[in-house]
Amino acid sequence: VQLVESGGGLVQPGGSLRLSCAASGFTFSNFWMNWVRQAPGQGLEWVANIKYDESATYYVDSVKGRFTISRDNAKNSLYLQMDSLRAEDTAVYYCARDSSSTGGLDSWGQGTLVTVSS
Amino acid sequence: QSALTQPASVSGSPGQSITISCTGTSSDVGGYNYVSWYQQHPGKAPKLMIYDVTNRPSGVSNRFSGSKSGNTASLTISGLQAEDEAEYYCNSYRDSSPPLYVFGTGTKVTVL
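Protein chains in written order, with the numbering used here: chain A, 1 to 118; chain B, 1 to 112.
Read the hints as simulated data drawn from the structure, not as lab findings. Using N, Cα and C, we set each Cβ at its ideal position, and we do this for glycine too. Incorrect hints may appear among the rest.
If the Cβ cut is set under 10 Å, some of the chain A residues that face chain B in the computed set are [what the hints assert, rightly or not]:
1. S16
2. F26
3. S29
4. A39
5. E45
6. Y52
7. V60
8. T90
9. Y94
10. A96
11. S100
12. G103
13. L105
14. S107
15. G109
16. G111
Cross-link-like lysine-lysine pairs, in silico, DSSO-like; alpha carbons within 27 Å at most [as the list claims (entries may be wrong)]:
17. A/K75 x B/K47
18. A/K51 x B/K47
19. B/K108 x B/K47
The following label-pair restraints were derived from C-beta to C-beta distances [as the list claims (entries may be wrong)]:
20. A/P13 x B/S17: 32 to 38 Å
21. A/G14 x B/S17: 49 to 55 Å
22. B/S9 x A/A56: 16 to 22 Å
23. A/P13 x B/G12: 29 to 35 Å
24. A/S24 x B/N33: 29 to 35 Å
If we strip away everything but chain A, and leave its shape as in the complex, we get:
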């Protein structure tokens, strides 16, 4: 199982960024997928998840209406479209597989750093 995030970088407040997560080594279309972030020196924060068939998505309140999680099962890829970015969105963003459909995140990517600053 391998998850590889990409798309992080420096963006100005109010800007947009799209993160990608390439999955391999498992049947991607069978699993819920998640985004989790970690601000510098801080703890983990669950951001969003998406059901294996794209029929359901959920978000933490702080990103609702600004972030959109999506997936392309044909390309084994997970995405996070981030709009109206704020300084407090600065963090390492991890994609993670939910092995049990009950929040047990058993595989994680290496993370991609998003810095929101002018």
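Take the given structure of chain A and dock chain B to it, following the hints.
Relative to the frame of chain A, chain B by itself:
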């Protein structure tokens, strides 16, 4: 959404057992058996240690065990080893509208 409450730090000597608590409410930890625990070493991605309160993924040492009583979940590390020194986070499903997952505040485990 408020985080689950964990002690900031726990320490123990090699070979000892330690327990990390994770306190929530009846809407999360107390209401569902969907608590997981993660180990994170500095600069690394988290690693799943326990899921669904008590289940251990393949490859995780049986020195790690999980339990729950009421609104508090616990992770016990027995036979403490130097490599166990890390940050530990709990996570729980929370029945809110809409439903979501919430992490704990994190506990730094120090091996003396």
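These are the hints, each one checked on the structure:
The beta carbon of A/S16 is not positioned within 10 Å of any beta carbon in chain B (closest approach about 23 Å), and the interface hint is therefore violated. Evaluation of the A/F26 hint against chain B yields a violated restraint, the C-beta minimum of about 14 Å exceeding 10 Å. For A/S29, the interface hint is violated, since its Cβ never comes within 10 Å of a Cβ in chain B; the closest pair sits about 21 Å apart. A hinted interface residue such as A/A39 counts as satisfied when its beta carbon comes closer than 10 Å to some beta carbon of chain B; here the least separation is about 12 Å, so the hint is violated.
Because the smallest distance between the Cβ of A/E45 and any Cβ of chain B comes to about 6 Å, under 10 Å, the interface hint for this residue holds. For the restraint placing A/Y52 at the interface with chain B, the shortest Cβ-Cβ distance is roughly 16 Å, beyond the 10 Å limit, so the hint is violated. A hinted interface residue such as A/V60 counts as satisfied when its beta carbon comes closer than 10 Å to some beta carbon of chain B; here the least separation is about 6 Å, so the hint holds. Among the interface hints, the one on A/T90 is violated; its C-beta lies about 17 Å from the nearest C-beta in chain B, farther than the 10 Å criterion.
About 6 Å separates the beta-carbon of A/Y94 from the nearest beta-carbon of chain B, less than 10 Å, and the hint is met. Given hint, A/A96 at the interface with chain B, holds; its Cβ is 8 Å from that chain's nearest Cβ, closer than 10 Å. With its C-beta approaching chain B no nearer than about 5 Å, A/S100 sits inside the 10 Å limit, and its interface hint holds. At about 5 Å, the closest approach between the beta carbon of A/G103 and any beta carbon in chain B falls short of 10 Å, and the interface hint on this residue holds.
Of the supplied interface hints, the one on A/L105 holds, with its beta-carbon coming within about 6 Å of a beta-carbon of chain B, less than 10 Å. Against a cut-off of 10 Å between C-beta atoms, the interface hint on A/S107 holds, since the closest Cβ of chain B lies about 8 Å away. Taken as an interface hint, A/G109 checks out: its beta carbon lies about 7 Å from the nearest beta carbon of chain B, inside 10 Å. Interface restraint check: A/G111 against chain B, minimum CB-CB distance 6 Å, threshold 10 Å, status holds.
About 26 Å separates the Cα atoms of A/K75 and B/K47, which keeps this hinted pair within 27 Å; it holds. A C-alpha spacing of about 22 Å is found between A/K51 and B/K47, which places the hinted pair at or below 27 Å, so the restraint holds. At most 27 Å may separate the alpha-carbon atoms for a hinted pair to count; B/K108 and B/K47 meet this at roughly 15 Å. Between A/P13 and B/S17 the beta carbon distance is about 47 Å. The supplied range of 32 to 38 Å is therefore violated.
In this structure the supplied range 49 to 55 Å holds for A/G14 paired with B/S17, their Cβ-Cβ distance being about 50 Å. In this structure the supplied range 16 to 22 Å is violated for B/S9 paired with A/A56, their Cβ-Cβ distance being about 38 Å. A hinted range of 29 to 35 Å is violated for the C-beta pair A/P13 and B/G12, which are about 44 Å apart. Remark: the range hint 29 to 35 Å for A/S24 to B/N33 is upheld by a beta-carbon distance near 31 Å.
Of the numbered hints given earlier, the model fails hints 1, 2, 3, 4, 6, 8, 20, 22, 23; all others are met.
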